[in-house]
Structures are given as structure tokens and as C-alpha cells.
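Chemist: Each chain is listed here by its residues.
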Amino acid sequence: MADPMRIRAVARDGVVNVRVLMSHEMETGQRKDASGKLVPAHFIRNVTASHQGKTVLTALWGPAVAKNPYLEFEFKGGQKGDKVLVTWEDNKGEKRSDEGVIN
Amino acid sequence: MSRWSRPLFWVLALAICGQGWAQSSKGQHQGIGRAATADEIAAWDTDVRGDLKGLPPGSGSVSRGEVVWEAKCASCHGSFGESNQFFPPLIGGITAEDIKTGRVAGLVRGGDQRSTVMKLPKISTLWDYINRAMPWQAPKTLTADEVYAVTAYILNQGNIVPGSFVLSDRNMAEVQAMLPNRNGMTRNHGLWDTRGKPDVKAAACMRNCGPEPRITSQLPDHASGSHGNLAEQYRLFGQVRMAVLPAVKPVAAAAAPAGVSDPGRSLADKNGCLACHAPKQRTIGPALAEIASKYRGVSDAESRLVAKVRAGGQGVWGNMPMPPYQNLPEQELRAMVQWMLKSE
Numbered sequence: 001m002a003d004p005m006r007i008r009a010v011a012r013d014g015v016v017n018v019r020v021l022m023s024h025e026m027e028t029g030q031r032k033d034a035s036g037k038l039v040p041a042h043f044i045r046n047v048t049a050s051h052q053g054k055t056v057l058t059a060l061w062g063p064a065v066a067k068n069p070y071l072e073f074e075f076k077g078g079q080k081g082d083k084v085l086v087t088w089e090d091n092k093g094e095k096r097s098d099e100g101v102i103n
Numbered sequence: 001m002s003r004w005s006r007p008l009f010w011v012l013a014l015a016i017c018g019q020g021w022a023q024s025s026k027g028q029h030q031g032i033g034r035a036a037t038a039d040e041i042a043a044w045d046t047d048v049r050g051d052l053k054g055l056p057p058g059s060g061s062v063s064r065g066e067v068v069w070e071a072k073c074a075s076c077h078g079s080f081g082e083s084n085q086f087f088p089p090l091i092g093g094i095t096a097e098d099i100k101t102g103r104v105a106g107l108v109r110g111g112d113q114r115s116t117v118m119k120l121p122k123i124s125t126l127w128d129y130i131n132r133a134m135p136w137q138a139p140k141t142l143t144a145d146e147v148y149a150v151t152a153y154i155l156n157q158g159n160i161v162p163g164s165f166v167l168s169d170r171n172m173a174e175v176q177a178m179l180p181n182r183n184g185m186t187r188n189h190g191l192w193d194t195r196g197k198p199d200v201k202a203a204a205c206m207r208n209c210g211p212e213p214r215i216t217s218q219l220p221d222h223a224s225g226s227h228g229n230l231a232e233q234y235r236l237f238g239q240v241r242m243a244v245l246p247a248v249k250p251v252a253a254a255a256a257p258a259g260v261s262d263p264g265r266s267l268a269d270k271n272g273c274l275a276c277h278a279p280k281q282r283t284i285g286p287a288l289a290e291i292a293s294k295y296r297g298v299s300d301a302e303s304r305l306v307a308k309v310r311a312g313g314q315g316v317w318g319n320m321p322m323p324p325y326q327n328l329p330e331q332e333l334r335a336m337v338q339w340m341l342k343s344e
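Top line first, the protein sequences correspond to chains A and B.
First residue of the first sequence: 1, per my numbering; consecutive thereafter.
First residue of the second sequence: 1, per my numbering; consecutive thereafter.
Hints in this document: simulated from the structure, not taken from any laboratory.
C-beta atoms are modelled at their ideal positions from N, C-alpha and C, and glycine is treated no differently.
One thing to keep in mind: the hints can contain errors.
Have a look at the derived ranges for each label pair, beta carbon to beta carbon [claimed, not checked]: (1) 329(B) with 54(A): 43 to 53 Å; (2) 282(B) with 48(A): 36 to 46 Å; (3) 109(B) with 63(A): 18 to 28 Å; (4) 196(B) with 17(A): 28 to 38 Å; (5) 54(A) with 110(B): 30 to 40 Å; (6) 219(B) with 82(A): 31 to 41 Å; (7) 52(B) with 58(A): 48 to 58 Å; (8) 218(B) with 82(A): 35 to 45 Å; (9) 308(B) with 98(A): 35 to 45 Å; (10) 72(A) with 188(B): 41 to 51 Å.
Start from the sequences, fold in the hints, and give me the full structure.
Modeler: Now the structure itself:
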């Protein structure tokens, strides 16, 4: 199980700014280890963020995204105290969901 | 000299030397200097040592640290200490296993992006550095409690302490025992011991020394000045307890031609603007000349910029936000903006 994401969401003037730091290896599948063998690809494919059951962001990622990705986005309509749920799924089918409270 | 008189000779010689020593430590140096007073020693002795001597009493929680972090640290280091934009990341590269072993596997393996929490062998270093050098544009403005809080926040981001943790002068030693690289300090080198292994070793070559070395390439001119005049970017803060060498003075004077007497310039210096805004080169913030040329011919440039400095901002010149400076007097702000708008 991957480490939890760090999520910070701040509402200002009706717009919620969300910052997420994910903990993931993001192996491209092109890198070789010390013995010369290819390191198998392992990267996040889908990212979704939802606010009160409504999806506010979906993203399709690939091996070009760096290790431990940082994601920042904004959406309208969030209130202080609401929760933002962020989920990622990688190419091995691993999933992780974490919640952040808007403040 | 007979057999018995030899020891006597040495005794005599030692006695004479001893006398000379006593004289030089008392008599000859009389009137030169004086013993440092207790206040002077206290003013110099500001560090926190590895054994935590010098740590002031206080405490700060991770959640308090998060508030301070967002206000004063996140603009450069990123919300989670992860940013690699201007400074190497503070967080990253450590695992739960590293915290157990006290040696960061990523450092042993090599090739990983290094972060502060990876390298840190002593918690006192982190505390002391934040206390004395941070925030960038206003060092030494954090209270002891805020430094504890920020340190706790960094440790939490590195998964070393839980989110409910309260760091204080009493539990710093416990945190030291959890640092991921606490066993990573090596002492078998020339930086620690004069007889240790040096980084480079030059052996004088007397014959068959190979071809005469010659310079085959140099940094091109456009790259050699890419960071601007570093002398102008020093963060001078507070009273400097040393003399400025005469040999250094002309350089400093040449760095600021004709503008030295401008009150706006000295105010900008005093308030730490120049830590991020260099005269010509873009460093952390836009260069002063860039700002001046953007607002050239704009009639209300001065009042607009005064408002911008007061409110802080982000997005005009890039992602790096500028912190708000709400407490500056209007007059000082105007003088600084006027001086800045004259930049070329």
C-alpha cells in the first residue's frame, strides 16, 4: 500500500485551491537497474478528484509524470469544512484514495 | 657534558622557557585587547549544538507549524516542502525502513534526488538553521515557538513524527533518535580530522610528470554572469560584527553606482527586497529593471506597485508568490517604488 497523499485545500472568494502531493515511484519502464535489467513500468494512470460526490477533476497520466507527483488545481463552489476526495489508480491496478478538508 | 649534567641542562632550559612563556602570557601582551565580557559571549554564542546545548525553551505543534509554513515558507519550498523550483527539496527520498535503521538507503545507493530530511544527521542543525536564516527575506523574525512548530511540520511531512506531535526543547533528543540519517555522519575525512582522508590529494610531481596542463574550455561569457552580481544579493541582516576590508569596499561600491545615496535603495536593502529582486538578473523574483521596463509609461505605475508590494502577489512573473508587506509605512514604500522604477 502506497503512502498517503498529502492534500491541502483552501477556499478563497468561492474558488477552492487544492494541492496534492502523491507518493508514487512513477517508473517509466525505460530505466535499467544496476544489473542492466529493465525496471518494469509502474505509474499512475487515472487521477480523479471529487467534491461531495461530484467529480471536479479527472486526469489521464502516463510515464512522463515525475516521481512523487505534485498536482494543483482549482474548482468553484466548495465551502469551508467540505471534503475533497482524491483517488489515483496505477497501471498495476493499485489504488489509493485520500480526503482533505477545505479550510 | 657529563652524564649527570645533561638532565640538569634540560631542566634549566625548560625553566627558562617556562619563564618566557609566563612572561608572554602576562607581561608582554599587557594592554592588548581585553577579556570578552559575559554579554559579548552571550551575543556571539547563538548556536544550538549537536548535543542540544543552546536550545531555548519553547514548543510548537505540527498544526501550528502548518499555519506558519503556509504564510512564510511555502512560497519558496512548496506547500509540502517538496518544491524543487528554487531550492533543493526539503522532503522526499526516505522510507519507514530508513527511520528504523538510521541510515538512508537512497544515499547509500546513490542516484536519488537528495533532500534535506535525507541528509540531516542532527536535529539541532535544522532547528538552528531555520532560527537564524529563515525566512529568506526576513531572517531571525520567527519566535522560538514558531521555529519549533516549523521544525515539527517538516518532520511530519517527512513522516518522521505524527500529525498530532508537539515538538519542544524537552523532546528534541527523542526526535534525534528517529532521524532517518542519524547514523549517516562519517568522520573519516579531512573535514572532521586533519589526518583523515582529504577530498583531493595533490602530490608534488618532480619528474616524468606528463604534459603541461592547459585550459581547453571556459564558461562562456553569457553564462558566467548568469546569477548577476552576487555581492548585491547578499542578505545582510542586523549588525555585522566585523570590519569591511578595504580591499572589499571598492567592489561593493562599484556594485551600486550612483544609487547608493538614494533613500529608496537603502530602504529596499533594509527591508530585504534585494534578497529576491536583483537589479538586472531575474533571480527568485523579477529583476528590478524588468519591472521598471514593464511599467514604463504607465501613469499610475507608482500607486499600482505600492498596492502590489503591500498585498503581495503571484502569477504576473511566474509561480513564485511574493509575500505581502502590510506593515511598511506608505512613505517608505513610495520611496522604494520610485527608486525601483528608475532601474534600467
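Chemist: For every hint, state whether the structure bears it out.
Modeler: Against the structure, the hints come out as follows:
The supplied range of 43 to 53 Å is met by residue 329(B) and residue 54(A), whose beta-carbon atoms lie about 48 Å from each other. Checking the proposed 36 to 46 Å range against residue 282(B) and residue 48(A) shows it holds: the Cβ atoms sit about 37 Å from each other. As the Cβ distance of residue 109(B) to residue 63(A) is approximately 22 Å, the hint placing it in 18 to 28 Å holds. The beta-carbon spacing between residue 196(B) and residue 17(A), approximately 50 Å, falls outside the hinted interval of 28 to 38 Å.
Checked against the given bound of 30 to 40 Å, the beta carbons of residue 54(A) and residue 110(B), roughly 46 Å apart, lie outside it. Here the CB-CB span from residue 219(B) to residue 82(A) is close to 53 Å, at odds with the stated 31 to 41 Å. Judged by the Cβ atoms, the range 48 to 58 Å given for residue 52(B) and residue 58(A) holds: they are separated by roughly 49 Å. A hinted range of 35 to 45 Å is violated for the C-beta pair residue 218(B) and residue 82(A), which are about 58 Å apart.
Between residue 308(B) and residue 98(A), the C-beta spacing of about 36 Å keeps the proposed range 35 to 45 Å intact. At about 44 Å, the CB distance of residue 72(A) to residue 188(B) agrees with the hint of 41 to 51 Å.
Of the numbered hints given earlier, the model fails hints 4, 5, 6 and 8; all others are met.
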